[in-house]
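*Asks:* Sequence:
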Amino acid sequence: MINIFDLFIEYKCITEDIIKALEKEEFDLLNELLEKRDILIKKIDEVENKKDLKKIVEELNILELDNFAKKLLDEKYKQIKIDLKKIKEQKMVNEKYAIKEPMDSIFVYKKL
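Just so we're aligned, residue 7 is where the sequence shown starts under the numbering used here, counting upward by one.
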């Protein structure tokens, strides 16, 4: 039989790893950890004996940890969105001011 307390301890560890991956900007690892956590959530849903669930969540500070991870994820998302917007703007500026004809053509016209 699966112990729900052990599942929540594993959930907490994975969430802490998610926070570390976000801080280090290791997005490949982050995706893998989110998938593991999703599988773990499904296991928790399958457990029949869910009495003491609230007590376990409070004892392990799961909600605070989840809220911190969500806040950090939102911050990284906003920063990436800003960075992509800057890149897009820079690309547009480069395209507008790019010289369309080769530099040699200036010398050809002066010689004629």
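Source of the hints: derived by calculation from the structure; they are not laboratory data. Owing to the predicted nature of the structure, the values given are computational and were not obtained by experimental measurement. One should not assume that every hint holds.
Claimed, not checked - Think about it this way: if two alpha-carbon atoms lie no more than 20 Å apart in a straight line, the pair counts; the simulated EDC-like pairs of lysine to aspartate or glutamate are:
id	residue 1	residue 2
1	K42	D72
2	K87	E16
3	K49	E38
4	K49	D80
5	K57	E16
6	K42	D89
7	K77	E22
8	K82	E32
9	K76	D58
10	K91	E38
11	K92	E52
12	K82	E22
13	K76	D44
14	K82	E16
15	K26	D51
16	K48	E32
Said to hold, decoys possible - Quick list of the computed label-pair ranges, beta carbon to beta carbon:
id	residue 1	residue 2	range
17	I68	D34	31 to 39 Å
18	K97	L69	39 to 47 Å
19	E31	Q96	18 to 26 Å
20	K57	Q96	17 to 25 Å
21	E95	E54	29 to 37 Å
Yeah, the Cβ is synthetic: ideal placement off N, Cα and C, and Gly gets one too.
*Asks:* Against this structure, judge whether each hint is valid.
*Replies:* The hints, checked one at a time:
Distance restraint check for K42 and D72: the Cα-Cα separation of roughly 15 Å lies within the 20 Å cut-off, and the hinted pair is therefore satisfied. Note on K87 and E16: the hinted pairing is violated, with a Cα-Cα distance of about 31 Å set against a maximum of 20 Å. Annotation: proposed proximity of K49 to E38 holds, straight-line Cα distance about 17 Å (limit 20 Å). Distance hint between K49 and D80 is unfulfilled; the C-alpha atoms sit about 26 Å from each other, more than 20 Å.
For a cut-off of 20 Å, the pair hint linking K57 to E16 stands: about 18 Å separates their Cα positions. Pair hint K42 plus D89 does not hold up; C-alpha atoms about 29 Å apart against a cutoff of 20 Å. Of the pairs offered as hints, the one joining K77 and E22 holds, with about 13 Å between alpha carbons and a cut-off of 20 Å not exceeded. Among the hinted pairs, K82 with E32 is consistent with the structure: their alpha-carbon atoms are about 11 Å apart, no more than 20 Å.
For the given pair, K76 sits about 25 Å from D58 by alpha-carbon distance, which is inconsistent with the 20 Å threshold. Taking the CA atoms of K91 and E38, the gap is near 27 Å; set against the 20 Å cutoff, the hint is violated. Note on K92 and E52: the hinted pairing is violated, with a Cα-Cα distance of about 45 Å set against a maximum of 20 Å. For the hint pairing K82 with E22, the CA-to-CA distance comes to about 16 Å; that is within 20 Å, so the pair holds.
Among the hinted pairs, K76 with D44 is consistent with the structure: their alpha-carbon atoms are about 15 Å apart, no more than 20 Å. Of the pairs offered as hints, the one joining K82 and E16 is violated, with about 24 Å between alpha carbons and a cut-off of 20 Å exceeded. With a C-alpha separation of about 26 Å, the suggested pairing of K26 with D51 is violated against the 20 Å cut-off. Proposed proximity of K48 and E32 is contradicted: the alpha carbons are some 25 Å apart, above 20 Å.
Between I68 and D34, the C-beta spacing of about 25 Å breaks the proposed range 31 to 39 Å. Evaluation of the 39 to 47 Å hint for K97 and L69 yields a pass: the beta carbon distance comes to about 42 Å. A C-beta distance of roughly 21 Å is found between E31 and Q96, which places it inside the suggested range of 18 to 26 Å. The hinted range of 17 to 25 Å is not satisfied by K57 and Q96, whose Cβ atoms lie roughly 57 Å apart.
Taking 29 to 37 Å as the suggested C-beta distance range, the pair E95 and E54 does not conform, at roughly 55 Å.
The earlier numbered hints that this structure contradicts are 2, 4, 6, 9, 10, 11, 14, 15, 16, 17, 20, 21.
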